[in-house]
Each structure stands twice: as C-alpha cells, then as structure tokens.
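Undergrad: Given these sequences and hints, build the entire structure.
Sequences listed follow chains L and U, in order.
Numbering-wise, our numbering comes out as the position in the first sequence, counting from 1, plus 870.
Numbering-wise, our numbering comes out as the position in the second sequence, counting from 1, plus 112.
Calculated from the structure, these hints are not laboratory results.
Bear in mind the structure is a predicted one, so any value in this text is a computation, not a measurement.
Mixed in with the good hints there might be a few duds.
[What the hints assert, rightly or not] Listed next, the stretches of chain L that the computed footprint assigns to chain U, with coverage defined by at least 3 CB atoms under 8 Å from CB atoms of chain U:
(1) 891-903
(2) 920-934
[Stated by the list, open to error] Computed spacing ranges between beta-carbons, pair by pair:
(3) SER1133/L x GLU296/U: 17 to 25 Å
(4) LYS117/U x ALA880/L: 57 to 65 Å
(5) GLN1075/L x ALA149/U: 16 to 24 Å
(6) SER1133/L x TYR133/U: 15 to 23 Å
We put the beta carbon where it would ideally sit given N, CA and C, even for glycine.
Listed here are the chains, written in short residue letters.
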Amino acid sequence: MRRYIDFYLATMRISILEQIQYSVANYFYMIGMITEPVIYLVVWTTIARQQGGTTGGYTVGAFAAYYIIWTLVRNMNIVFTPFGWEWRIREGQLSMMLMRPIHPIHSDVAFFAGWKFVVILLWLPLAAILSWIFKPTFDIRWMEVIVFSLAIWGAYLIRTMLLSLLGMITFWTTRVSAIFELYFGLELILSGRLVPMTLMPVWIQNLSNYLPFKWTFFFPIEALVGNLTDVQLWSGFGMQLLWIATGIFLLNIIWNFAIKQYSAVGG
Amino acid sequence: MNPIKLALTYLRIGVLNEMQYRINFFIQLLQSFISVATGLIGLSLVFGQVKTLAGWSRPELLAVMGVHLLMGGVIRSIIQPNMERLMDDVRNGTLDFALTKPADAQILVSVREFRFWQLVDVIVGIVVISIAFIQLNGTLGILQIFGFLSALIMGGIMLYSVWLMVTSISFWVIRVQEISNLFEGLYAAGRWPVGIYPSWLRTGLTFLVPVAFAVTIPAEALTNRLTGTSLLIALGMTLLFVVLSRGLWRLGLSNYSGASS
Chain L
871 MRRYIDFYLA TMRISILEQI QYSVANYFYM IGMITEPVIY LVVWTTIARQ
921 QGGTTGGYTV GAFAAYYIIW TLVRNMNIVF TPFGWEWRIR EGQLSMMLMR
971 PIHPIHSDVA FFAGWKFVVI LLWLPLAAIL SWIFKPTFDI RWMEVIVFSL
1021 AIWGAYLIRT MLLSLLGMIT FWTTRVSAIF ELYFGLELIL SGRLVPMTLM
1071 PVWIQNLSNY LPFKWTFFFP IEALVGNLTD VQLWSGFGMQ LLWIATGIFL
1121 LNIIWNFAIK QYSAVGG
Chain U
113 MNPIKLALTY LRIGVLNEMQ YRINFFIQLL QSFISVATGL IGLSLVFGQV
163 KTLAGWSRPE LLAVMGVHLL MGGVIRSIIQ PNMERLMDDV RNGTLDFALT
213 KPADAQILVS VREFRFWQLV DVIVGIVVIS IAFIQLNGTL GILQIFGFLS
263 ALIMGGIMLY SVWLMVTSIS FWVIRVQEIS NLFEGLYAAG RWPVGIYPSW
313 LRTGLTFLVP VAFAVTIPAE ALTNRLTGTS LLIALGMTLL FVVLSRGLWR
363 LGLSNYSGAS S
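TA: Right, here's the structure in full:
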C-alpha cells in the first residue's frame, strides 16, 4: 500500500510541474473546448427566452449555471483517451509499461489526477469571465459543495475506467475509431453533456439510470447547481462509488484476457 | 506545370492510396451516421420545446445541419490534412522538399493530401440538404442554385484562407496544434445559424472564422433568405481573405529557415 501512495504522490507532483510549464497551451485547449458548452447554452437560453424565461424547469440563469459548471466537469472528465490506448498497443509502447512492477493503469490515473489540479486552477478565471458574460444564478448549500468536490473526482475515476475499457478493445482489433465514435455519441446523449437529462425524453432518462454515463456529467453538475436533497446527494455519490467498483472489477477481468492477446502489432 | 493539372494529379494519387483501404469507407459511413443521428436528436430536443428557433423552422435548421456536414467533409478531406502536413513540415524542416519543386509553393502545399473517404460526409450532407429541401416544399430556381453554389464555393475558399493564415503562424510559433483545436471548436458553432449567437460571438464567427459565410449564408440561399447584398459582401470578403492569406503565407515563408536549423 505504502509504495502505491508514494508512486501516486510522485507521479502527481511530476505531472503538476510539467503541466504548469505548458499553461499557455493548456489555456488554448481549454478555450477551444469552451465553444461546445457556449453553443448549447446559447441555443437553450434562446429557447428559454422564447418560452418566457423557463424551459423544462430551467431558467436562463440556471442554464448558464449548468453549462458553466459543465466546463469544469468536462475538464475533470478528460482522461487518457482510447485513441491513446490504440497508439500504445499498436506501436508496442505498452511493452515498456508492462516491464514495471506496477499495473500500467496506475500511472494514467496518477498523471491525469495531478494535471487536474492545474486545470482547476486555470479554470477559475475562465469561469469568472463566463459568469460575467452569461450571468448564471446559483443557489448553493455547503453540503452541495462538499458532494460536488467529491463527485468531480468520482466522475474522473468512472470515466477513466470506462475509457480504459474502451481503449482495451484495441487488444483484439486495431480498427477501433468507429467504435470509439459510437461510444462518444451515446455518451453525449446519455450523460447530460448535450442537455440536462431532465430535458430528455422520459425513456432516455430511464435508460440512463442503468448506465454509468450520467454519473460522470449530469450528477456532478446537478449536485452543485440543482436542488438535490442531502439523501439524493449522498446516494448519487454512492452510485458513483458503485460504478467505480464495477469499473475496477471489469478492468481486472478483461485485462487478464487482453494481456494474453497482446503482441505489439507494430513496434 | 498547370496548377489544375497538378492538383488533379495529387487528387488521383490520394484516391488511389485510399482505395487500398476500402473498409475505411464503411467506417466513415458509420461515423457520418453517428454524427447525423446525434444532430437529429439535438434538433428534436429543440423542437420538442418550440416551433421555431430564432425564426428558423425545423426543416430550415435541417438544411443548416446539412450544409455544416457538407462543409465539414470538405475541410476534413482537403483543407485540414494539407494544413496539418504543412505544420509538421515547418516544424521538422521538411518543407524544403516542397519548396524546391518548380511549382507555386502555396498551391503545392494545398493539394498534397487528400482524404477521399471523408467525402462521405459531403454526400451525407447533400442527402440531408435534399431531405430538408423536400420538407420545405421548396422550388429550386436557377437563381437559387446559383446563389447556393456560389455561396458554398466562396465559403470554402474563405475557410481555406483562414486555415492557411493560422497555419502560416507556425512559421513563427511552432506549437499551433492548439490553435487548430480552437478552429475546430468554432466551426462546430456553425451547426446553428449564426444569428442566434450574441453579437460579440457573431462578429467572431463572421470575420475571424467565417463560419457565417461558409454555412449560414449557403443555407440562407436554400431557404430563400439570401439577399444580393450579402452575396456581394461574401464576394468582397472572399477576395480580402485570399489576398490576406497569400500575403501572410509569403511573409511566413520568407521567415522559414529550412531543415537542420
């Protein structure tokens, strides 16, 4: 256990120091990413205004709050991509990682976790500017803040598990881009990334209850900007833990099969 | 060598290259369907709430989506691959190989790459536009076709010019990958008519990244909203963008120091 903690702390420290140096590049990336929620925000506030100020229970200010918090949650959701796994496996980069006495997934989790601290720091001024432009309305309780600060890390871990599982398909086939796109399409609809889940048709909402996606997007945002009760907040966080555990379980099983397939296609 | 012949030769090589990987056609087709499906879901969510969005009806917005898809296919098949290769060449110093060839360097760097299968998006875009047009019960007059095609071509030229300008920055600043991410993000805004955006963003989408000219104006031509004035403005802007990008390209090129430097 001790060596894992040391490993995590060291990797996170390296990642923080590294990413601080690239803060301009990080900023360009974040600004490019912000156009997506701004588009959704403009469309939905236009609709809300046309309908006299509210759509599906969201006011103009509530939409603004939703999509501004969206930008932080989206940043927390950035993990080692399945395209990276494809590269790793196709080019044989994984061979080197397998030599180490620690499972390769740990270095991904630790490196991106360190990066998140830089991202959160850089996000604060962006959030201030977005708030100044779009005038969000917040009604925040301290319990919401606590659960939100835990839930963004929960979202990070769930998405790490999901995208690693997805990337590991590359062990069996290297034609994976269409599968990845299909996944991202489903995630867009079922996670709350496109619109708050409550605006979705009921059957999609029901479907999303049985899937992990909404716990990586809708739940963390809703925890802060919505009006969830304490029970709802903590049971939502419990669902996140459940999905993390499921992810770790599946990852272990599939990894054991997958690693036997591995033969470094290129490299 | 005649520049058109040169472009066609590279085009043929690109097609031949891509024809070796026929399964990529189906993969591309699947990806296009996914993006159409998510686009349609987005539209149905919007029109589950309202009848029109900022004055645009559902089939009209479908037309916008079709044009956006079509233009996106053009960007991804011709413009972006060439510009990304140019960025790599500038960084690695391998642009020398293009510069020493006896043809105009700008034309050469703009036609070297061609992703044939990405044209699936162009075809899917045309299908979406046609469906939108049928739903609109529109009649297609000569004037309308002319307006649409010329707006489309001018939009394509403007997007190319902006890409070339952004890429030319790589002569001074080596890391421009993030800028091209930014461009992609802004192009995504063209999924909706630029009229719905707040004025500061609309200005950016019109004059900095001409999404307005590339997507909204061709869509306006299809939905009988286009005026002769905006077509003339588009023509003026196209010329301006072409001249500016040519100037910036030449300025950047004079700054290029070649390999092993």
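Undergrad: Hint by hint, say whether it matches the structure.
TA: Right, here's what the structure says about each hint:
1. 891-903: holds (count 6)
2. 920-934: Answer holds; 4 residues pass the 8 Å Cβ test.
3. SER1133/L x GLU296/U: 17 to 25 Å: Given a distance of about 35 Å, which is not inside 17 to 25 Å, the answer is violated.
4. LYS117/U x ALA880/L: 57 to 65 Å: Distance hint for LYS117/U, ALA880/L holds at roughly 59 Å.
5. GLN1075/L x ALA149/U: 16 to 24 Å: Roughly 18 Å apart at Cβ, these two residues keep to the hinted range, so it holds.
6. SER1133/L x TYR133/U: 15 to 23 Å: Because 22 Å falls inside the window, the suggested range holds.
Violated hints amount to a single one, hint 3; each of the other numbered hints is respected by the structure.
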